[in-house]
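Could you slot chain B onto chain A? The hints should help.
Spelled out, the chains give:
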Amino acid sequence: MSNYNRYGLLIDLDFCTGCHTCEVACKQALDLPTGQFGIKVHQEGPRKLENGKWEYTFVPFPTSLCNLCEDRVKVGKLPSCVHHCSPGIMHYGTIEELTAKANAKPHMVLFAPQ
Amino acid sequence: MMSTYDELYRKEWQWQEGDLTVTRSMQWSGPGCHNGCGLLYYTKDNKIVKIEGDPNSPYNQGRLCMRCLNLTESLEHKDRLKWPLKRIGERGENKWQRISWNEALDIIEANVRKIQKEYGPESICGMVGTGRNICWQVPLLTYAGFGSPNFGYSFLSGDSCFSPRAAFIAVTHGDFSVCDCSQFHEDRYDNPEYKVPEVILIWGNNPIHSNSDDFLGHWIVELMKRGTRLIVVDPKLTWLAGRAEYWLQLRPGTDAALGLGMLNVIINENLYDQEFVEKWTYGFEELAERVRQYPVDKVAEITWVPKEQIEEAARFFAQAKPGAIQWGLKVDQSVAGVPAAQAIATIGAICGFIDIPGSNIYIRDAYDILSSYGTGYEEFLSPEMRAKRLGDEKYPLKRMGVGPTAHADSVLVALETGKPYPVKMLWIQTSNPIANMGADAPRLYKAIRTTDFNVVVDLYMTPTAVACADLVLPAGMSPERNGYKTWWHPLRSTSKIVQYYECKSDEQIVLEVGKRLAPQNFPWETDIDLINWMFSRSATYKEDFQTLQQKVTDYQKYEYKKYEKGLLRFDGETGFNTPTGKLELYSTLFAEWGLDPLPYFEEPPYSPVSTPLKSKEYPFILTTGARSLEFFHSEHRQLKTMREFHPDPLFDINSEIAAEMGIQEGDWCWLENHNGRCRQRAHLDPALSRKVIRAEHGWWFPEMEGSEPALFGVFDSNSNNLTEQCQNGPTGYGAPYANTICKVYKATEENSLDLPSLVVTRKGGF
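Chain order of the listed sequences is A and B.
Reminder that position 53 of the first sequence reads as 53 in our numbering, one-by-one numbering, no gaps.
Reminder that position 709 of the second sequence reads as 1709 in our numbering, one-by-one numbering, no gaps.
Hints may be right or wrong, so weigh each one.
To be verified - Covered by chain A, according to a simulated footprint, are these stretches of chain B (three or more residues, beta-carbon under 8 angstroms):
{"#": "1", "stretch": "1003-1011"}
{"#": "2", "stretch": "1047-1055"}
{"#": "3", "stretch": "1063-1074"}
{"#": "4", "stretch": "1219-1227"}
{"#": "5", "stretch": "1636-1648"}
What the hints assert, rightly or not - Below, computed lysine-lysine pairings styled on DSSO-like, alpha-carbon distance capped at 30 angstroms:
{"#": "6", "chain 1": "B", "residue 1": "Lys1551", "chain 2": "B", "residue 2": "Lys1195"}
{"#": "7", "chain 1": "B", "residue 1": "Lys1236", "chain 2": "A", "residue 2": "Lys40"}
{"#": "8", "chain 1": "A", "residue 1": "Lys74", "chain 2": "B", "residue 2": "Lys1691"}
{"#": "9", "chain 1": "B", "residue 1": "Lys1236", "chain 2": "A", "residue 2": "Lys48"}
{"#": "10", "chain 1": "B", "residue 1": "Lys1743", "chain 2": "B", "residue 2": "Lys1614"}
{"#": "11", "chain 1": "B", "residue 1": "Lys1114", "chain 2": "A", "residue 2": "Lys53"}
{"#": "12", "chain 1": "A", "residue 1": "Lys74", "chain 2": "B", "residue 2": "Lys1050"}
{"#": "13", "chain 1": "B", "residue 1": "Lys1225", "chain 2": "A", "residue 2": "Lys48"}
{"#": "14", "chain 1": "A", "residue 1": "Lys53", "chain 2": "B", "residue 2": "Lys1321"}
{"#": "15", "chain 1": "B", "residue 1": "Lys1078", "chain 2": "A", "residue 2": "Lys40"}
{"#": "16", "chain 1": "B", "residue 1": "Lys1011", "chain 2": "A", "residue 2": "Lys74"}
{"#": "17", "chain 1": "A", "residue 1": "Lys48", "chain 2": "B", "residue 2": "Lys1691"}
{"#": "18", "chain 1": "B", "residue 1": "Lys1195", "chain 2": "A", "residue 2": "Lys101"}
{"#": "19", "chain 1": "B", "residue 1": "Lys1616", "chain 2": "B", "residue 2": "Lys1236"}
{"#": "20", "chain 1": "B", "residue 1": "Lys1419", "chain 2": "B", "residue 2": "Lys1388"}
{"#": "21", "chain 1": "B", "residue 1": "Lys1743", "chain 2": "A", "residue 2": "Lys40"}
{"#": "22", "chain 1": "B", "residue 1": "Lys1307", "chain 2": "A", "residue 2": "Lys48"}
{"#": "23", "chain 1": "A", "residue 1": "Lys74", "chain 2": "B", "residue 2": "Lys1614"}
{"#": "24", "chain 1": "A", "residue 1": "Lys53", "chain 2": "B", "residue 2": "Lys1298"}
{"#": "25", "chain 1": "B", "residue 1": "Lys1050", "chain 2": "A", "residue 2": "Lys53"}
{"#": "26", "chain 1": "B", "residue 1": "Lys1011", "chain 2": "A", "residue 2": "Lys53"}
{"#": "27", "chain 1": "B", "residue 1": "Lys1225", "chain 2": "A", "residue 2": "Lys105"}
{"#": "28", "chain 1": "A", "residue 1": "Lys48", "chain 2": "B", "residue 2": "Lys1047"}
{"#": "29", "chain 1": "A", "residue 1": "Lys48", "chain 2": "B", "residue 2": "Lys1743"}
{"#": "30", "chain 1": "B", "residue 1": "Lys1321", "chain 2": "A", "residue 2": "Lys105"}
{"#": "31", "chain 1": "A", "residue 1": "Lys40", "chain 2": "B", "residue 2": "Lys1050"}
What the hints assert, rightly or not - Covered stretches of chain A (chain B as the covering partner; in silico rule of three or more C-beta atoms under 8 angstroms from a C-beta of chain B):
{"#": "32", "stretch": "15-23"}
{"#": "33", "stretch": "44-51"}
{"#": "34", "stretch": "63-70"}
{"#": "35", "stretch": "91-104"}
It is worth saying that the hints were derived from the structure and are not from the lab.
Glycine is no exception: its CB is placed at the ideal position from the N, C-alpha and C atoms.
With the rest of the complex left out, here is chain A (with noise of 0.2 angstroms):
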């Protein structure tokens, strides 16, 4: 099977606010004890840039845990961190539809969990 039937996520860099509600969507979803995650926000930052601007990313990273909601996907629905989203920059597709996106605009990462 080609890698492009695979599915993953697209993270928009640019604009993820370090919210932490994708975290908490999963644990949910996923039934996850304290402790675990099945998608984990890291931070970058903040540091000072040499052009006085600052480094301060967050970038939500999904775990080995993550089965890109199998059980929501199957009856249509999205990954529970996708829908819940409060900034809106986590995208679920095809590796070969988030790619087209990622190629469109710069600051993104793609993740295919499976």
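Just chain B now, kept in the frame of chain A:
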């Protein structure tokens, strides 16, 4: 089989999905926030099984925050209050006996009648916490049930949340204005009239964390995606500040000066909208004269913001097409809160960014359905009784009805001194003032225990309830109550779909107590009858609660440029709802009341400038009330998921100065000043000023012993041990929650022997 999105997320208010019932509703009660996001409850057998964001809600478009998703944990929490409780030990012993609602009502009736007879109805004060689905219910009970004019926030010094901004702008603009993020259009960003603001000036708030005033912070992010650029005024590098064109890192409490400095640039460089100013505003010459007293280099010195940045940011904003201002709580939280609001709003006004698409637009409650703190004040109280409201004698804005609350600091003074008359009973509904709302928490603790009788209505047993309540009543959470929201648009409904033990909604409680005390004023049978009475008072809303429930949300068409269309003034003329009919840059009413009619700056009561000697001992400027994503004020501390993300209270300190002081990330430290001390853990921030400390508020520890001296540890980490009451501006509004002074030192075993809760409850205080 896979369903389509339209089958999964329907537009009717209720449907079946397998063995689950799905209900569309809105979340706007405790535990929660100020927003009112659309969500879906999935229920089975009187239990909420799960919650999802409602993709058909234009307000939040299916998105939720971590607190809302975590509501399930709160609904069934083992510590929730389940039935009425009567105190059986002393106040502070946390000993209670379960009683019936009927018995509770008997006790309330007996005490209220006794106090009314002995001291007069005015000696009973009704109080609530921050404005959610509790804005009109307790006022109605206070005015129509107790017969008292004294409804107010529970000891929020200077009413300094939203009220200073609201009062000022009501007087000078005649309305309230908010940043236009297309939130009043059902089709949102696609609305043909809507225009994305070119620049948003975010002042004194981090809307992503704070969920301020019916404003969803992530709307700003949606606008950033569509090209909006930012100016952020904040001592803290927020995520938004990190992405702003200009981050103005001001000294806490100097907002008014910075606003005047920006006005100076805009006026002297002729960057303002001359046509708008000439046609629609009053007092520009006086304003121009006033801003001459605030040249940019002087303002730079006051505010610590470099001169060039003030100039460039002012130009950047004034030249936007258009600009908008998103202002927040910190504008209110200085003694100069009102003049700060005046300076900031004036920046937008003289640029003509008023009520045009993508600017600051005027908004009133949906369908003018009242939901305010003044509900029932005129109808149920005689002029003689109204004249007794605490604080009115001192403050003309209160007396003239600009802010419909008893002045919180005046209530405290009346409790302490019996003057102008004694306060003998407190009715505190969903508020926990010694944990976060009142400045000087130890002082409040003493005061609220002096009364004859107190009732606390809440979701959980709180430190405030243990400290002072004689009766504790269990309130319902959002899916346990019928309600509505008209705090701006759209009109939204919340539906009762489950019942938890003997909890009752705020409406039901107020109705049942009211019927006992003054049945003639409470003729309604059910909570829905009461809501329908509120609806019936609107001239434009012709439907009932059931219709709204099925619609879930109801948008009215939003009109821009109302001042050109005669939609603001009661006489139907064009212009603004002010005495001059103009937007008043110079306030004619302030002048009449003996207040400064123009914006001005004054130093906070404690600062390196106003108290240089004290500042040698307490070298940091302390801001309190820092928000985090996990908590809303003193709520959510019981929830294991929220505490997993945020187990302990944190204060921010500059990384370099922390290193010099030997303080590392996570170290427990004491913050201390002349008023008291508290301990929190250090979070090192490379971007914070070396002179500023930023402390969280609202901390108590439900996992700790509830009885005194521990009292859930409510004073141990309480940044309001360091703030003071009764330091208000001449309007009565404003208080220095966000600009006092402190020192910092590491907590050791030796210096932590007597924790603040023990000191306050057993050793007479600091």
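Hints and how they fare:
Figure legend: the stretch 1003-1011 of chain B, annotated as covered by chain A; annotation consistent (5 residues with Cβ-Cβ distances under 8 angstroms, at least 3 required). Requiring three or more residues with a Cβ within less than 8 angstroms of a Cβ of chain A, the coverage given for the stretch 1047-1055 of chain B holds, as 4 such residues are present. Taking a C-beta to C-beta cut-off of 8 angstroms, the stretch 1063-1074 of chain B contributes 7 residues in contact with chain A, enough for the three needed, and the coverage statement holds. Chain A is given as covering the stretch 1219-1227 of chain B, and this holds because 4 residues of the stretch bring a CB closer than 8 angstroms to a CB of that chain, at least three being needed.
Closer than 8 angstroms: that is the beta-carbon criterion, and the stretch 1636-1648 of chain B has 4 residues meeting it against chain A, so the requirement of 3 holds. With a C-alpha separation of about 28 angstroms, the suggested pairing of Lys1551 of chain B with Lys1195 of chain B holds against the 30 angstroms cut-off. Under the criterion of a C-alpha separation no larger than 30 angstroms, the hint pairing Lys1236 of chain B with Lys40 of chain A is consistent with the structure, at around 24 angstroms. A hinted pair counts as satisfied when its Cα atoms are at most 30 angstroms apart, and Lys74 of chain A with Lys1691 of chain B does not qualify at roughly 54 angstroms.
Restraint check: the Cα-Cα separation between Lys1236 of chain B and Lys48 of chain A comes to about 14 angstroms, which is no more than 30 angstroms; the hinted pair holds. For the hint linking Lys1743 of chain B to Lys1614 of chain B, the alpha-carbon distance of about 11 angstroms falls within 30 angstroms, and the restraint holds. For the given pair, Lys1114 of chain B sits about 65 angstroms from Lys53 of chain A by alpha-carbon distance, which is inconsistent with the 30 angstroms threshold. Restraint check for Lys74 of chain A and Lys1050 of chain B: the C-alpha separation of about 18 angstroms stays at or below 30 angstroms, so the hint holds.
Note on Lys1225 of chain B and Lys48 of chain A: the hinted pairing holds, with a Cα-Cα distance of about 23 angstroms set against a maximum of 30 angstroms. For a cut-off of 30 angstroms, the pair hint linking Lys53 of chain A to Lys1321 of chain B stands: about 25 angstroms separates their Cα positions. In summary, the hint linking Lys1078 of chain B to Lys40 of chain A is supported, as the alpha carbons are separated by about 28 angstroms, within the 30 angstroms threshold. Note on Lys1011 of chain B and Lys74 of chain A: the hinted pairing holds, with a Cα-Cα distance of about 22 angstroms set against a maximum of 30 angstroms.
Distance check on the hinted pair: Lys48 of chain A and Lys1691 of chain B sit about 19 angstroms apart at the alpha-carbon level, within 30 angstroms; holds. For the given pair, Lys1195 of chain B sits about 26 angstroms from Lys101 of chain A by alpha-carbon distance, which is consistent with the 30 angstroms threshold. Note on Lys1616 of chain B and Lys1236 of chain B: the hinted pairing holds, with a Cα-Cα distance of about 23 angstroms set against a maximum of 30 angstroms. Proximity of Lys1419 of chain B to Lys1388 of chain B is assessed by CA-CA distance (about 12 angstroms); at most 30 angstroms being required, the pair is judged to hold.
Note on Lys1743 of chain B and Lys40 of chain A: the hinted pairing is violated, with a Cα-Cα distance of about 36 angstroms set against a maximum of 30 angstroms. At most 30 angstroms may separate the alpha-carbon atoms for a hinted pair to count; Lys1307 of chain B and Lys48 of chain A meet this at roughly 21 angstroms. This hinted pair does not check out: Lys74 of chain A and Lys1614 of chain B have alpha carbons roughly 65 angstroms apart, beyond 30 angstroms. Between Lys53 of chain A and Lys1298 of chain B the CA atoms are separated by roughly 26 angstroms; this keeps the pair inside 30 angstroms, and the hint holds.
This hinted pair does not check out: Lys1050 of chain B and Lys53 of chain A have alpha carbons roughly 42 angstroms apart, beyond 30 angstroms. For the suggested pair Lys1011 of chain B and Lys53 of chain A, the alpha carbons sit about 45 angstroms apart, so the restraint of at most 30 angstroms is broken. As the CA atoms of Lys1225 of chain B and Lys105 of chain A are separated by approximately 11 angstroms, the hinted pair is consistent with the 30 angstroms bound. Between Lys48 of chain A and Lys1047 of chain B, the direct Cα distance comes to roughly 49 angstroms. Violation of the 30 angstroms bound is thereby established for this hinted pair.
Proximity of Lys48 of chain A to Lys1743 of chain B is assessed by CA-CA distance (about 27 angstroms); at most 30 angstroms being required, the pair is judged to hold. Straight-line distance between C-alpha atoms of Lys1321 of chain B and Lys105 of chain A comes to about 26 angstroms, which keeps the hinted pair within the 30 angstroms bound. Distance check on the hinted pair: Lys40 of chain A and Lys1050 of chain B sit about 21 angstroms apart at the alpha-carbon level, within 30 angstroms; holds. Requiring three or more residues with a Cβ within less than 8 angstroms of a Cβ of chain B, the coverage given for the stretch 15-23 of chain A holds, as 7 such residues are present.
By the rule of at least three residues with a Cβ nearer than 8 angstroms to a Cβ of chain B, the coverage given for the stretch 44-51 of chain A holds, with 4 such residues. With 0 residues having a beta carbon nearer than 8 angstroms to a beta carbon of chain B, the stretch 63-70 of chain A misses the requirement of three or more and the stated coverage is violated. Only residues whose beta carbon comes within less than 8 angstroms of a beta carbon in chain B count, and the stretch 91-104 of chain A has 0; fewer than three means the coverage is violated.
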